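J.: Just so you know, the protein sequences line up as chains Z and G, in that order.
Our numbering numbers the first residue of the first sequence as 10 and each following residue consecutively.
Our numbering numbers the first residue of the second sequence as 4 and each following residue consecutively.
Errors might be hidden in some of the hints.
Said to hold, decoys possible - Examples of chain Z residues toward chain G, derived with CB under 10 angstroms:
| hint | residue |
| --- | --- |
| 1 | Asp-14 |
| 2 | Cys-16 |
| 3 | Gly-44 |
| 4 | Glu-45 |
| 5 | Gly-46 |
| 6 | Ser-48 |
| 7 | Gly-49 |
| 8 | Ala-53 |
| 9 | Val-86 |
| 10 | Val-98 |
| 11 | Ala-100 |
| 12 | Glu-103 |
| 13 | Thr-106 |
| 14 | Leu-119 |
| 15 | Leu-133 |
| 16 | Val-134 |
Hints listed in this document are in silico derivations from the structure and should not be mistaken for laboratory results.
Being a predicted model, the structure only gives us computed values, none of them experimental.
All C-beta atoms, glycine included, are put in the ideal place defined by N, C-alpha and C.
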Amino acid sequence: MAGIDECLVEAMAIPGALGISLVDWTSGLTLGAAGEGPSGDHDAGAADATELARAVVQNPSFADPDSAATLAEDVIVSSPGRYHLLRFVEAGFESGTFLYLRLDRATANLAMARLLLRSIAERLVLI
Amino acid sequence: MSLQVRPALVPRRRPSALAPGRTLGDVVEALAAEHRTGAVQSTTGVVHLAEGEVLQVQSAAAPDLPTLLVRSGRLTEQDLLELSGTPREPLFEALLSSGRIGRGVLELCHLSAMSDAAFLALPQDSGPVRFQQGAHPQLGAIRPIDVRTLRAAVAQRRALLDRIWPCPWLDTAPVRLSANTEARTDTGWSRGQRAVVRVADGRRTPLVIARLLGRPAFATLLDVRRLAAAGLVETPPDRAGPAVVAAPVRSPVPAALAAPTALSAELSLGAGESAHGPAVPADPEVALLIRLRAALEARL
């Protein structure tokens with residue numbers, strides 16, 4: 010059963026992966042990281058991604074209409090050169106965390122990366 | 004052998020917003036700078052250090068790791084009893100080797116519990132502090148964290164609360180629902196917010212509600228501020244008045260809530276050492292909080 014670091018290493022094997030971090034959106038704290046952060050700085054990237062995650066978590070428009078209990082699963086941002094993929098981690102004790110994966114758009118497959126990141130997020134909180 | 008750490012450089016006869024004294028966070032950061040290993044105990048919590056890094060933070064007002072694991076349905080209390088750690092095999096190792104919990108979950112849960120306790124304990128005026136050199140946490144050690152990083156995270160969380168609804172006194176005031184809240188059927192509430200609304204009876208404070216629900220204290224404070232911002236929870240006027248005494252309203256928890264008497268026996272350090280700190284809180288509201296909590300615990 011994988012710990013945080015093993016899951017991050019695994020995420021770096023996703024085709025096109027540039028960097029990955031596990032971030033607490035309530036505090037902006039980087040709980041773990043692998044690969045390169047944006048401009049070489051995982052912490053600055055975590056702070057920016059935290060703003061994005063909060064905007065999604067704190068606004069009910071992004072939850073499913075019938076139930077606020079079902080929150081957003083992931084956030085995708087694309088720029089000409091990059092994909093930024095945020096995946097919320099559902100641990101059952103309100104950990105308020107998400108995985109933040111940056112991908113090189115030239116080599117990444119967004120649909121596949123999203124599925125792989127989902128499976129890693131699920132494995133992180135397995136059992 | 005324990006070492007007495009002087010709580011403050013300045014005599015604290017007259018606590019005021021101008022001379023607030025040292026916080027537990029200040030004391031821990033100073034010890035961490037010396038790469039110390041051991042347990043720091045104050046009236047607001049216990050912090051374990053190893054080579055200057057934080058291994059664990061405990062606050063009587065925040066749910067600990069076993070509580071979070073049980074409340075999330077990942078373990079039963081029976082599991083915990085069977086696995087209860089020994090000095091040779093601390094709880095972390097026992098949990099992992101039992102195969103009943105994954106390392107990822109355990110690490111995340113540990114970080115959550117530690118952040119929550121740090122949020123409550125570190126910003127508090129430290130009061131008298133004891134440092135037990137070489138003491139190790141009973142749970143064991145996983146994912147140590149730098150004390151400055153932890154303090155920055157605490158500050159970020161406080162800023163988040165104030166961004167949502169800048170009324171810090173709501174953190175310690177009884178949660179009173181607005182007149183029309185019961186009738187509101189909006190679907191925009193989260194599960195946590197619904198839980199808070201369900202148990203808010205006009206007397207329970209956010210921390211009492213958090214304990215009742217077995218939820219992290221910070222998550223509950225966040226929900227209360229969001230409910231207040233949405234007008235579903237009343238925002239009483241700031242009783243301390245504007246900018247007269249900053250210290251009491253700035254504190255998320257009355258210090259006495261985490262007084263030594265409230266710390267469980269396993270947390271108390273060095274048998275035979277007398278407990279410092281006020282046994283009877285001077286503030287009648289704090290006394291009421293403690294009575295409320297005692298009553299709640301008696302019913303659990």
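J.: Each hint: holds or not?
T.: Going down the list of hints, with the structure as the test:
1. Asp-14: holds, 9 angstroms
2. Cys-16: holds, 6 angstroms
3. Gly-44: Since chain G brings no Cβ nearer than about 18 angstroms to Z:Gly-44, farther than 10 angstroms, the hint is violated.
4. Glu-45: violated, 20 angstroms
5. Gly-46: Z:Gly-46 check fails; min Cβ-Cβ to chain G is 15 angstroms, beyond 10 angstroms.
6. Ser-48: violated, 19 angstroms
7. Gly-49: violated, 18 angstroms
8. Ala-53: violated, 13 angstroms
9. Val-86: violated, 21 angstroms
10. Val-98: Interface hint status for Z:Val-98: holds (7 angstroms vs cutoff 10 angstroms).
11. Ala-100: Interface hint status for Z:Ala-100: holds (5 angstroms vs cutoff 10 angstroms).
12. Glu-103: This hint holds: Z:Glu-103 lies near chain G, its Cβ roughly 4 angstroms from the closest one there, short of 10 angstroms.
13. Thr-106: holds, 7 angstroms
14. Leu-119: violated, 25 angstroms
15. Leu-133: holds, 4 angstroms
16. Val-134: holds, 5 angstroms
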